[in-house]
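K.L.:
Residue numbers (our numbering), protein chains in the order written: chain D, 19 to 430; chain X, 1372 to 1631; chain U, 500 to 734.
Hints were generated in silico from the structure; no laboratory data involved.
Be aware that one or more of the hints could be misleading.
Stated by the list, open to error - Examples of chain D residues toward chain X, derived with CB under 10 Å:
#  : residue
1  : D56
2  : I240
3  : N243
4  : S269
5  : G315
6  : Y316
7  : L365
8  : P389
9  : I392
10 : S397
11 : F399
As the list claims (entries may be wrong) - Here are the computed lysine-lysine pairs in the DSSO-like style, where the Cα-Cα straight-line distance is at most 30 Å:
#  : chain 1 : residue 1 : chain 2 : residue 2
12 : U       : K509      : U       : K558
13 : U       : K558      : X       : K1525
14 : X       : K1374     : U       : K614
15 : U       : K614      : U       : K562
16 : U       : K597      : X       : K1453
17 : X       : K1453     : U       : K572
18 : X       : K1374     : U       : K594
19 : X       : K1377     : U       : K597
20 : U       : K676      : X       : K1453
21 : X       : K1453     : U       : K558
22 : X       : K1629     : U       : K509
23 : X       : K1624     : U       : K509
24 : X       : K1580     : D       : K265
25 : U       : K674      : X       : K1629
26 : X       : K1629     : U       : K594
27 : U       : K607      : X       : K1377
28 : D       : K121      : D       : K72
29 : D       : K139      : D       : K308
30 : U       : K714      : X       : K1628
31 : U       : K607      : X       : K1523
32 : U       : K614      : X       : K1453
33 : D       : K139      : D       : K121
34 : U       : K558      : X       : K1374
35 : U       : K602      : X       : K1629
36 : U       : K674      : X       : K1523
37 : U       : K562      : U       : K631
38 : U       : K594      : U       : K614
39 : X       : K1453     : U       : K674
40 : U       : K621      : X       : K1377
Note that beta-carbon positions come from the ideal geometry of N, C-alpha and C, so glycine has one too.
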Amino acid sequence: MERLFIILVLFLAVFAGHASEIEVCKTCEISSIQKAIDFAEDGDLIRIKSGIYKENGIQILNKSLKIIGENYPVIDAEMQGTALSISANNFSIEGLKIINVGKSHTEEFAGILVSQSRNFKILNNKLDNVFFGILLEKSNEGVISGNHITSNARSQSNSGNGIHLWNTNKVEIRNNKIVGLRDGIYLEFVNNSEISGNFCKDNLRYGLHFMFSDEDIYTDNIFENNGAGVAVMYSKFIEMRGNHFRKNWGSASYGLLLKEITDSKLENNIFEENTIAISADNTNRIEYLKNDFKNNGYAVRIRGACYDNFFKENNFLYNSFDIGYTGRLNNNEFTENYWSAYTGYDLDKNGIGDVPYRPVKLFSYLVNRTPEAIILLRSLFIDLLDFSEKVSPVFTPANLMDSQPLMKKVSW
Amino acid sequence: MLKILKYSFKDLSRSRWSYVYFFFYLLLGIVLLFLNNDLSNAVITLMNVIIILVPLIGTIFGVMYFYNSREFTELLLAQPVKRSSIFLGQYLGVAISLSASLILGLGIPFVAYGIFQSAAIWDFFSLLVSGGFLTFIFTALAFNIALSQENKIKGFGMAILLWLFLAVIYDGLFLLSLVYFQDYPLDKFSLVASMLNPIDLSRILILLKLDISALLGYTGAVFKDFFGTSLGSITSFGVLILWVIFPVWRIVKLSGKKDF
Amino acid sequence: MVNIQNLHKKFGSLQVLNGLNLETPENGIIAVLGPNGSGKTTLIKSILGMVVPQKGEIKINGKKIIKHWDYRKDIDYLPQIANFPGNLSVTELIKMIKDLRCKPARDKELISLFKLEPFLDKKLNNLSGGSKQKVNLVLCFMFNSPLIILDEPTTGLDPVSLIRLRKLIQNEKEKGKTILITSHIMSFVEEISDRIVFLLEGKIYFNGTVAELKKATNQQDFEHAIANILSENHA
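Taking the hints into account, I'd like the entire structure generated from these sequences.
P.N.:
Following this line, the structure appears as structure tokens:
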């Protein structure tokens, strides 16, 4: 009977001359997703009705399918490896709920694994209790949007990333919500991609992690309470705009970690309540424009070998230390920023303070040398010390200053 | 003792200085909140004021009150009242009225601003608790000085020196030893050194609610393990309480021996 | 009433009381006299417990008093300097002392005796020296204690009030009380005191009636008798 039905369907599909639709539900002729895929032809639509499908290792090989879940049918992988793996062009996966993906030390099990594919869409899926969420390898030109990935990562060695891209180009990652994994979004050898409107929270390591990825843009994302907000390493030509880095608060925690980055631009980002808002190490030719640094431990901590970085029209508001600085000035420039700690005056009323502001305090220099001294933070003695250093700099780089500090906050 | 406390308190509540102190905090709170409009910044500025000004006012006011009420004290000494009750009553009168000025002066603008709806309520609370402790500690220290020093001028001098030492010089020496011995493990030393000075201790307790907590972790595990846990806060408050109890005990001791 | 044995008190290196012994009778007015620095006030303050002696014993009605405090409810004391908490009004001060003592008091009677009614609501800071002394007297006499100690009670009083004070002291004496007085006004002392206790260098130099004093010094006049003691000892 079942066979007859399928033949009928196939016949109809062929007869009609266009893509057919296969329905999967617990009481349907086809009650297994894998079976539906096996029967489907290129260009078919598989509609999965709600219900629990205890399947894992579902595979799509070289078929351009459109899979749509209705009312979030649940694919329960029962902790047995990857739920759904795809290697095909022109496919889309939408509206599924995938849970209980197995953990492994040797293999990268994922909710949705895409490899060697092109032109795909992964939309509005829910993934819970996964090892890796959505994993892309050697695939190009895709959209990952509106997915909600949650897990309960406890240790870095025993957890995977929410959205993991490797050797993949031209992907748009938009409006996903990723909570409780190792890295929220991980990009390695990923070029010309755009990451926007994502919300990464409570991830063990980084909200967003770039490695060896060039010419990418990330905008309007929110990174909250991750081990560190965003790490951009060994990459160039990255544009970071309108992101919100907040509450990355804890020992050695960063809002944004920049390591070996060149020719990039940060604009209109908000850094709020991070232990270190930006930690820059070996970064060259980076423009910091119109960012807000508010209530951070360090706003910007510049470590060694940073050349030709440029800070303009940023707001430094109530940070314990505005700038932490190691080494020489190296042609880094601060100009026309607003510093809430600035106490100068503006007699000619041109909006620019008449005396330069020195963002590096003696105390931050002391803390660099003797970390325990932090316990004296905001004590009267330290204030007096900082004041005398401000009047006549001895220990801090004398030419590290904003010679045109703004009198009013930059609004953007 | 309660009767003495009542009258000292009544006496102080009519003193011009209590009002000056009260209005100072009221004004400070209003200016910080309504002109600045940033709650967390206001809390940090207030912390600076509290850890400097509260000890100073506590010592000066304590010494001043003691010397000025000498005749009142003599009047009481001839009454059937226990000696220690007289001094404890006066001490509590001063300490409570100063704390009340602080708490009301800052509390009213903050409540008007809507602190109860704000997440900063606990920051503000720790600010007031520390301010209260500092008032009680430094008033007690002031009474100790005044009880052991007949000469008013010398007493004032000692009170100011004590304040200067604990508010500034101590931290200078502290920092100096940190820099000088930086090749040695210093976290335990710093922990003990910051415990021994009530001003430092209060500052850290307030900052733990603000920015220091993250920065502490950045420097070494010992601080974070200590201040981050409930053991740390209990110990810190214990030490603050000891800082009140010890001088108060000495007030009782000294007052038993003193001639009038 | 008051029994003092071998009382020693030193302020720094200054020996003020040097083995003083004194026994007062059950009632009567005893004037404690002596040159400046002879230890009058120290003696009084030792009895009140305001000064802690190094050695010796003080008993009142047979009870040791050093390091105790509740015996003071049976003592009325008039201090030498009438300075009070300046922010209180007269009424409040009286109320406070009554509150501390928890004893019936005849403050109204004394207030009218010294004509203090117009000053009752004034702050003590704003009172003249004489008015303050009157308040001081009210506070002292309003309780009915068996032992009264007056340190320079006449300071700042006008003649009318002085007469009233004298009468008041006599009345108290007739009630059978013991009254210890120090004063510089010799006529006042001569007139009211039953016994004279003369202190010199921390000890009792003379203890007896006015008549006995005159006799001992061979002087007709009380003031001369006192002067005689002083000149003899300092000659």
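K.L.:
Run every hint past the structure and note whether it holds.
P.N.:
Comparing the hints with the structure gives:
no.: 1; hint: D56; in the structure: violated, 54 Å
no.: 2; hint: I240; in the structure: violated, 18 Å
no.: 3; hint: N243; in the structure: violated, 12 Å
no.: 4; hint: S269; in the structure: holds, 3 Å
no.: 5; hint: G315; in the structure: holds, 5 Å
no.: 6; hint: Y316; in the structure: holds, 8 Å
no.: 7; hint: L365; in the structure: violated, 22 Å
no.: 8; hint: P389; in the structure: holds, 4 Å
no.: 9; hint: I392; in the structure: holds, 5 Å
no.: 10; hint: S397; in the structure: holds, 5 Å
no.: 11; hint: F399; in the structure: holds, 4 Å
no.: 12; hint: U:K509 / U:K558; in the structure: holds, 20 Å
no.: 13; hint: U:K558 / X:K1525; in the structure: violated, 37 Å
no.: 14; hint: X:K1374 / U:K614; in the structure: holds, 29 Å
no.: 15; hint: U:K614 / U:K562; in the structure: violated, 38 Å
no.: 16; hint: U:K597 / X:K1453; in the structure: holds, 16 Å
no.: 17; hint: X:K1453 / U:K572; in the structure: holds, 11 Å
no.: 18; hint: X:K1374 / U:K594; in the structure: holds, 12 Å
no.: 19; hint: X:K1377 / U:K597; in the structure: holds, 14 Å
no.: 20; hint: U:K676 / X:K1453; in the structure: holds, 25 Å
no.: 21; hint: X:K1453 / U:K558; in the structure: holds, 18 Å
no.: 22; hint: X:K1629 / U:K509; in the structure: holds, 12 Å
no.: 23; hint: X:K1624 / U:K509; in the structure: holds, 20 Å
no.: 24; hint: X:K1580 / D:K265; in the structure: holds, 14 Å
no.: 25; hint: U:K674 / X:K1629; in the structure: violated, 35 Å
no.: 26; hint: X:K1629 / U:K594; in the structure: holds, 28 Å
no.: 27; hint: U:K607 / X:K1377; in the structure: holds, 24 Å
no.: 28; hint: D:K121 / D:K72; in the structure: holds, 17 Å
no.: 29; hint: D:K139 / D:K308; in the structure: violated, 34 Å
no.: 30; hint: U:K714 / X:K1628; in the structure: violated, 42 Å
no.: 31; hint: U:K607 / X:K1523; in the structure: violated, 38 Å
no.: 32; hint: U:K614 / X:K1453; in the structure: violated, 33 Å
no.: 33; hint: D:K139 / D:K121; in the structure: holds, 25 Å
no.: 34; hint: U:K558 / X:K1374; in the structure: holds, 28 Å
no.: 35; hint: U:K602 / X:K1629; in the structure: holds, 28 Å
no.: 36; hint: U:K674 / X:K1523; in the structure: violated, 43 Å
no.: 37; hint: U:K562 / U:K631; in the structure: violated, 34 Å
no.: 38; hint: U:K594 / U:K614; in the structure: holds, 18 Å
no.: 39; hint: X:K1453 / U:K674; in the structure: holds, 29 Å
no.: 40; hint: U:K621 / X:K1377; in the structure: holds, 20 Å
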